[in-house]
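Q: Protein sequences appear in the order of chains A and B.
This note's numbering numbers the first residue of the first sequence as 1 and each following residue consecutively.
This note's numbering numbers the first residue of the second sequence as 285 and each following residue consecutively.
Keep in mind that the hints were calculated from the coordinates and are not lab data.
Check the hints yourself; a few may be wrong.
[Stated by the list, open to error] Straight-line alpha carbon distances no greater than 20 Å define the calculated EDC-like cross-link-like pairs of lysine to aspartate or glutamate that follow: (1) B:Lys-463 x A:Glu-196; (2) A:Lys-100 x B:Asp-416; (3) A:Lys-61 x B:Glu-529; (4) B:Lys-750 x B:Glu-793; (5) A:Lys-100 x A:Glu-90; (6) B:Lys-356 x B:Asp-796; (7) A:Lys-100 x B:Asp-417; (8) B:Lys-463 x A:Asp-92; (9) B:Lys-463 x A:Asp-192; (10) B:Lys-596 x B:Asp-516; (11) A:Lys-100 x B:Glu-413; (12) A:Lys-107 x A:Glu-120; (13) B:Lys-463 x A:Asp-257; (14) A:Lys-61 x B:Asp-416; (15) A:Lys-107 x B:Asp-417.
[As the list claims (entries may be wrong)] What follows is a list of derived Cβ distance ranges for each label pair: (16) B:Leu-528 x A:Asp-134: 49 to 57 Å; (17) A:Glu-120 x B:Glu-735: 18 to 26 Å; (18) B:Gln-546 x A:Thr-232: 24 to 32 Å; (19) A:His-87 x B:Asn-742: 44 to 52 Å.
[Claimed, not checked] Partial list, computed: chain B residues near chain A (C-beta under 7 Å): (20) Asn-330; (21) Gly-476; (22) Pro-490.
Glycine residues also receive a C-beta, built at the ideal position from the N, C-alpha and C atoms.
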Amino acid sequence: MPFAYAFQRLAAVPLALAMIALLIGPTVAQEAEFDAVPFADGQWEIGRRLDESQLRYCVDKRDPAWEVAAAIADAIASGLLLEPQRHVVESDIVVEDVTKVYARMLKHCDVHMGFKLIPEGYGSWISVTRAYYDTQYVFVTADPDLQRLADLPPGRAIGATVGTSAHIRLVSYLSALPAERRWPAYPYGTNDLALESLLDGVVDVALVWAPNLWAKQRQDPAYANLHVIDSTPLPPTTLGVGAIVLSDQKFLRNAIDEAIVALSADGTFANLLESYEFPATVVP
Amino acid sequence: MKTNPRLSAIVAIAASMTSMLAVQAAMAQDGPIDSITPVTEEMLLNPPDADWLMWRRTYDGWGYSPLEEINKENVDELELAWSWGMSPGGRTQETPLVHDGVMFIQNADHRIQALDAATGDLIWEYQHELPDDVNPGGERSKAIFGDNLIVATRDAHIIALDIKTGQLVWDQQVADYNKGFAFSSGPLVANGVIVQGMTNCSNAQPGGCFFTGHDVDTGEEIWRVNTIARGDTPEGNSWNGVPLESRHGASAWITGSYDPEQNLIFAGVGQPYPWNVEIAGLTPPSSDPNVTNEALYTNSTLAIDPNSGELKWYHQYLATDSLDLDYVYERMIIDDMLVTTGKIGIIEAIDRKDGKWLWAKETVPQNVVLSIDQETGEKEINPDVIPVIGETTFNCPADPGGRAWQATSYSPRTGALYLPTVEFCSNTTVNPLDPGQIYTGGGLQTYSRVEHPDGDGNIGQVRAVKLSDQSDMWEYRQYAPVTTSTLPTAGGVVFVGTLDRKLIAFDDETGDVLWESGKLSNSLESFPISYEANGKQYIAVVANFGNGLGRLQSLTPDVKLPPNNPVTLYVFALPD
Numbered sequence: 001m002p003f004a005y006a007f008q009r010l011a012a013v014p015l016a017l018a019m020i021a022l023l024i025g026p027t028v029a030q031e032a033e034f035d036a037v038p039f040a041d042g043q044w045e046i047g048r049r050l051d052e053s054q055l056r057y058c059v060d061k062r063d064p065a066w067e068v069a070a071a072i073a074d075a076i077a078s079g080l081l082l083e084p085q086r087h088v089v090e091s092d093i094v095v096e097d098v099t100k101v102y103a104r105m106l107k108h109c110d111v112h113m114g115f116k117l118i119p120e121g122y123g124s125w126i127s128v129t130r131a132y133y134d135t136q137y138v139f140v141t142a143d144p145d146l147q148r149l150a151d152l153p154p155g156r157a158i159g160a161t162v163g164t165s166a167h168i169r170l171v172s173y174l175s176a177l178p179a180e181r182r183w184p185a186y187p188y189g190t191n192d193l194a195l196e197s198l199l200d201g202v203v204d205v206a207l208v209w210a211p212n213l214w215a216k217q218r219q220d221p222a223y224a225n226l227h228v229i230d231s232t233p234l235p236p237t238t239l240g241v242g243a244i245v246l247s248d249q250k251f252l253r254n255a256i257d258e259a260i261v262a263l264s265a266d267g268t269f270a271n272l273l274e275s276y277e278f279p280a281t282v283v284p
Numbered sequence: 285m286k287t288n289p290r291l292s293a294i295v296a297i298a299a300s301m302t303s304m305l306a307v308q309a310a311m312a313q314d315g316p317i318d319s320i321t322p323v324t325e326e327m328l329l330n331p332p333d334a335d336w337l338m339w340r341r342t343y344d345g346w347g348y349s350p351l352e353e354i355n356k357e358n359v360d361e362l363e364l365a366w367s368w369g370m371s372p373g374g375r376t377q378e379t380p381l382v383h384d385g386v387m388f389i390q391n392a393d394h395r396i397q398a399l400d401a402a403t404g405d406l407i408w409e410y411q412h413e414l415p416d417d418v419n420p421g422g423e424r425s426k427a428i429f430g431d432n433l434i435v436a437t438r439d440a441h442i443i444a445l446d447i448k449t450g451q452l453v454w455d456q457q458v459a460d461y462n463k464g465f466a467f468s469s470g471p472l473v474a475n476g477v478i479v480q481g482m483t484n485c486s487n488a489q490p491g492g493c494f495f496t497g498h499d500v501d502t503g504e505e506i507w508r509v510n511t512i513a514r515g516d517t518p519e520g521n522s523w524n525g526v527p528l529e530s531r532h533g534a535s536a537w538i539t540g541s542y543d544p545e546q547n548l549i550f551a552g553v554g555q556p557y558p559w560n561v562e563i564a565g566l567t568p569p570s571s572d573p574n575v576t577n578e579a580l581y582t583n584s585t586l587a588i589d590p591n592s593g594e595l596k597w598y599h600q601y602l603a604t605d606s607l608d609l610d611y612v613y614e615r616m617i618i619d620d621m622l623v624t625t626g627k628i629g630i631i632e633a634i635d636r637k638d639g640k641w642l643w644a645k646e647t648v649p650q651n652v653v654l655s656i657d658q659e660t661g662e663k664e665i666n667p668d669v670i671p672v673i674g675e676t677t678f679n680c681p682a683d684p685g686g687r688a689w690q691a692t693s694y695s696p697r698t699g700a701l702y703l704p705t706v707e708f709c710s711n712t713t714v715n716p717l718d719p720g721q722i723y724t725g726g727g728l729q730t731y732s733r734v735e736h737p738d739g740d741g742n743i744g745q746v747r748a749v750k751l752s753d754q755s756d757m758w759e760y761r762q763y764a765p766v767t768t769s770t771l772p773t774a775g776g777v778v779f780v781g782t783l784d785r786k787l788i789a790f791d792d793e794t795g796d797v798l799w800e801s802g803k804l805s806n807s808l809e810s811f812p813i814s815y816e817a818n819g820k821q822y823i824a825v826v827a828n829f830g831n832g833l834g835r836l837q838s839l840t841p842d843v844k845l846p847p848n849n850p851v852t853l854y855v856f857a858l859p860d
């Protein structure tokens, strides 16, 4: 791995600075701006961390791509000459507010993997890294004859994971159509519910996050016959996925960004994605 | 039935030890807990003046205290009697309950405590352990019936504690907190049945929220009323054709009122989720002539028989809500009227017999409702304020509402409603809020809150409205938002708390400020009460940041609050 060696040398100077930054730790004792900075129960008792030689990262098992994200985080840690320290979030809570991440990061990790890069999608307490891959929302069907969304007859239903960028794009498009040419768009609370509605025959097409379909098809043969169709007449909705750090961790974020650039360029991420047959592309 | 001799022996020893402990406790104490009496149905129907037995003190939801020791003439002599530090952090919007000189409070971390209401001394406490992944948070209300204090929890349980000892009597899980179900307000006991509303019914639990009725002795669920209409009925077909699993919201997050004459609970239901009606699938309207899109029973009053769970009638105040403008708050029974005010700040009365709409009265400046049909109460909504994907719209009030959960009160002494209100607006933008795979909650609209363009800089108000003719009696205005419920008393005083850490007493007829507390430990976002212990009247209020109208803190950045959100119960009284 000649590049990895070169990158490790390259990283040596910023690493020292990064470690200083890590020593400083999250400055949570600032005056809260209430909704601008979440409140974590017991945050005043959370001390300064001492394990400055580690890259502490969180992955969440509810994220269908959590194993891929963990492998990417390990690669980043290696590139930064830090020991990866993985915290795996295990919870049965289906949907949580993003502010829940705040307490978790104070306690367990400097970096939380698996966040979509949405402009203005985050509070000021979060800083988002560069994307380590791009992936898409996809239209999925069980109908073997249906290959394009454009071929779905008007009046047939689409079940969309509620409130995603792709859902909003779909709804916006439908609103511009005359009533007789619309497809009803039903909002579903989660990707899993949207895919279930497809299996149940409630909808003809589901609009879901591609990694969710990937995970379902790996785990459950019932989903094996679902296939992705061309999104025409809508353009594909692609989003970058990266990690978050607390916004006062600017140096750490810069170091991670540099690692992402290098590991994308040397093919490390591409090999990783390929090994998982993961539906994503590395950001050039 | 066979008995295990060893088990019997252990039980006997345990019972004996329990008895001993109880005796020791009785011998060691000489306080109100020793003489506390069971709360009967008669007491709930006509509470002793000294007590505060339920959320709004009486079944009619007035929030009025008949005590008059503290009055217009002497209220300026009020001083701190005692205070009690509650668990910091979390959100709480506390209503203490008082019975026979014992006060019951619930901390955000679900530590439930009994205090001597005259001295503030701790009598007992019980810790309900919340799962690690459930955020701590208080409940707005509790109930007492018989020997039990009945408490709802953030992990969707209802529990009963012995009022004398704090021992757990029963514990019923009503729903799965993993799917987001939670209680944020407590139950009401009506005609021997515990009635409880469920909240937080957004993405993870399709089909919406519900009210449940529970056996008062065991907590066992005996009925459930869904707050999202279903089935092939006009109500069930009011969701624009989207299937049940795609309908969200209709949270029942505020305790209702009870009409014993009709044996009916009146309770409010919140708005549909997500707020944006395009994303919710409620627009564009379906071309199916059998389908409508008003999304019943959101933003409605439901009239429910507490014994059978039968929905007798409903009235919807705001159809197809797209701005998070709940009509969920207190329902006051006044004569033949059922009076409530939604977030838009429009006071509305319906007939408590059949839900027929009677009248409306606007309070805060608003640009959402253009007109109201004077026969039906149906509202014409300003199309310019309905959020549209790709545009920013301007609406007044914004999402916290011209009034929020801080309850309006009614004084039979003056015949007036006392409303805590705020004036502000919002630039509203539809946004995707799917930043993480799991963390996909939220309303999909961003509200950038701003002062009203014609405002005078005073965001907070208390408004007194004469009910007989809906005329304005007085109005108090101040810079910082008013953040507690109002508390009118028979002494002719109305108490209210503010974001800038003050409890204020007004003359109930003129609005003159008669007294102000010193600055307290935090903003006051709670429900103040009045009670009597050892023959003396007290005023109790919890100081805390509760994230209700506190969200307007961004409009008053110079009002500084402590960052670690201390929570303190303050009790005021006249000097001895």
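Q: Compare the structure with the hints numbered earlier in the document and write down the numbers of the violated ones, lowest to highest.
A: 3, 12, 13, 16, 18, 20, 21
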